[in-house]
Amino acid sequence: MRATIVYGFLGAGKTTLLRSLVPRLTTIEPTVLLVNEFGMEGTDQVVFASDNLVVRELIGGCVCCEVRGELLVALDEIHKTVGPARLVIEPTGLASPGTLANVFTSPVVQSIVTVDSLLTVLDASNFALVRDSLGEFYPRQVIDADLVLINKQDVATEAQRREAREWVRSLNSLATVVETVHCNVNPDVVVAAIRQGSPRMFLEDPRQGTDAHDGLEVLGLQRVVVATDGLDTEVVERFVQELAKGTYGEVIRAKGFVPAGSESHLIDVVLGDWEIRPFGPAPARIDVIGRNLASHEMEHVVTNGITEFTRTT
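In the numbering used here, each residue carries its 1-based index in the sequence shown increased by 4.
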């Protein structure tokens with residue numbers, strides 16, 4: 005199998021891209037999407053399933069570390085039971101090319117799959133904040149890419165858009181760079197980048213083996229899971245607004261579902277921005293990733309249906 009890895013920090017727009025890209029790839033060759041998310045029931049898994057995509061999910065850790073064993077099992081299972089020509093891999097937003105290289109250059113993995121292209125999605129409106137917070141972890145996702153989508157042009161200022169363009173080009177002058185809104189890109193451009201991909205930088209760079217281990221703790225992040233059964237619309241909207249404002253700590257990403265009658269609402273919070281939109285049946289939970297998270301306060305507010313809450317210190 006040939007593989008395309010799609011990078012992008014939490015909330016950049018990977019899911020949006022994949023929901024349009026994978027169906028296009030399946031018209032060219034048999035394609036399977038391999039998703040790696042933290043959590044027992046990944047939110048993106050539910051979203052992709054609603055699109056009738058062929059999806060295999062890795063849960064409970066990062067594809068680079070905790071679930072290496074499960075990765076091998078998943079690759080072997082996909083190879084034997086589905087046998088696609090193309091595997092599209094969406095690592096967790098906390099994965100860097102360095103540690104992924106250690107996984108995908110191992111003889112066992114290479115006997116099953118060959119990485120031939122790397123795509124990266126950036127959030128133009130927040131990339132500088134994320135870059136400054138994460139240090140060397142973030143640039144590698146650009147340095148090794150064959151295609152870079154600078155997404156969310158509609159909510160970025162002209163200065164932010166210009167800074168993002170210049171930063172990407174300073175790191176990688178060979179990649180195809182496309183500025184997008186909602187990751188709306190000509191599929192032929194993506195397919196061309198995949199076909200012309202040259203991941204030698206990713207697979208042969210000797211520095212890759214010394215990259216720091218990925219994961220929440222290394223990046224100073226933590227994760228909280230909040231059950232959302234039985235919430236009314238007013239409580240949901242206020243809770244999401246408070247998450248985005250920082251009432252419960254520095255929330256980098258929150259994503260999940262809240263019941264709404266027989267259906268549910270998809271909740272999405274990214275670095276101060278938030279969105280609630282209708283969705284079909286889904287597990288009642290929100291995954292929150294950030295720093296200094298007030299987990300007990302979040303659970304208390306949700307459990308008691310409180311719409312006003314002042315964080316204690």
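Keep in mind that the hints are not guaranteed to be accurate.
Stated by the list, open to error - Cβ-Cβ distance ranges computed for the label pairs, FRET-style: (1) G87 x R173: 22 to 32 Å; (2) K249 x A163: 30 to 40 Å; (3) S299 x S110: 19 to 29 Å; (4) L76 x T237: 43 to 53 Å; (5) D136 x S177: 15 to 25 Å; (6) A264 x S299: 39 to 49 Å; (7) V112 x V86: 11 to 21 Å; (8) A231 x P111: 40 to 50 Å; (9) R295 x T85: 19 to 29 Å; (10) E279 x V112: 32 to 42 Å; (11) V112 x K249: 39 to 49 Å; (12) Q114 x R166: 18 to 28 Å; (13) G250 x I32: 38 to 48 Å.
As the list claims (entries may be wrong) - Straight-line Cα separation of at most 20 Å, EDC-like style, residue types lysine to aspartate or glutamate; simulated pairs: (14) K249 x E267; (15) K249 x E301; (16) K249 x D277; (17) K249 x E238; (18) K249 x E279; (19) K249 x D291; (20) K249 x D192; (21) K84 x E33.
Quick caveat, the hints were computed from the structure, so don't treat them as lab data.
The model shown is predicted, which means the values in this text are computed figures rather than measured ones.
Think of the CB as a built atom: it goes at the ideal place given N, C-alpha and C, for glycine as much as any other residue.
Verification of the supplied hints:
1. Range check, G87 to R173: about 39 Å between beta-carbon atoms, so the 22 to 32 Å window is missed.
2. Taking the beta carbon of each, K249 and A163 are about 24 Å apart, not inside 30 to 40 Å as hinted.
3. About 36 Å separates the C-beta atoms of S299 and S110, a value inconsistent with the hinted range of 19 to 29 Å.
4. The hinted window of 43 to 53 Å between L76 and T237 holds, with their beta carbons roughly 44 Å apart.
5. Taking the beta carbon of each, D136 and S177 are about 23 Å apart, inside 15 to 25 Å as hinted.
6. The given range of 39 to 49 Å is broken by A264 and S299, whose C-beta atoms sit roughly 24 Å from each other.
7. Separation of V112 from V86 is about 19 Å and conforms to the stated range, judged on CB atoms against 11 to 21 Å.
8. About 43 Å separates the C-beta atoms of A231 and P111, a value consistent with the hinted range of 40 to 50 Å.
9. Between R295 and T85, the C-beta spacing of about 41 Å breaks the proposed range 19 to 29 Å.
10. Taking the beta carbon of each, E279 and V112 are about 41 Å apart, inside 32 to 42 Å as hinted.
11. Distance hint for V112 and K249: a CB-CB separation of about 47 Å, consistent with the stated range 39 to 49 Å.
12. A hinted range of 18 to 28 Å is violated for the C-beta pair Q114 and R166, which are about 40 Å apart.
13. Between G250 and I32 the C-beta distance comes to about 44 Å, which sits within the given range of 38 to 48 Å.
14. With a C-alpha separation of about 27 Å, the suggested pair K249 and E267 falls outside the 20 Å cut-off, and the hint is violated.
15. The straight-line distance between the Cα atoms of K249 and E301 is roughly 15 Å, inside the 20 Å bound, and the hint therefore holds.
16. For the proposed pair K249 and D277, the alpha carbon gap of about 9 Å is at most 20 Å, so the pair holds.
17. The straight-line distance between the Cα atoms of K249 and E238 is roughly 17 Å, inside the 20 Å bound, and the hint therefore holds.
18. For the suggested pair K249 and E279, the alpha carbons sit about 13 Å apart, so the restraint of at most 20 Å is met.
19. Under the criterion of a C-alpha separation no larger than 20 Å, the hint pairing K249 with D291 is consistent with the structure, at around 17 Å.
20. As the CA atoms of K249 and D192 are separated by approximately 39 Å, the hinted pair breaks the 20 Å bound.
21. A C-alpha spacing of about 17 Å is found between K84 and E33, which places the hinted pair at or below 20 Å, so the restraint holds.
Of the numbered hints given earlier, the model fails hints 1, 2, 3, 6, 9, 12, 14 and 20; all others are met.
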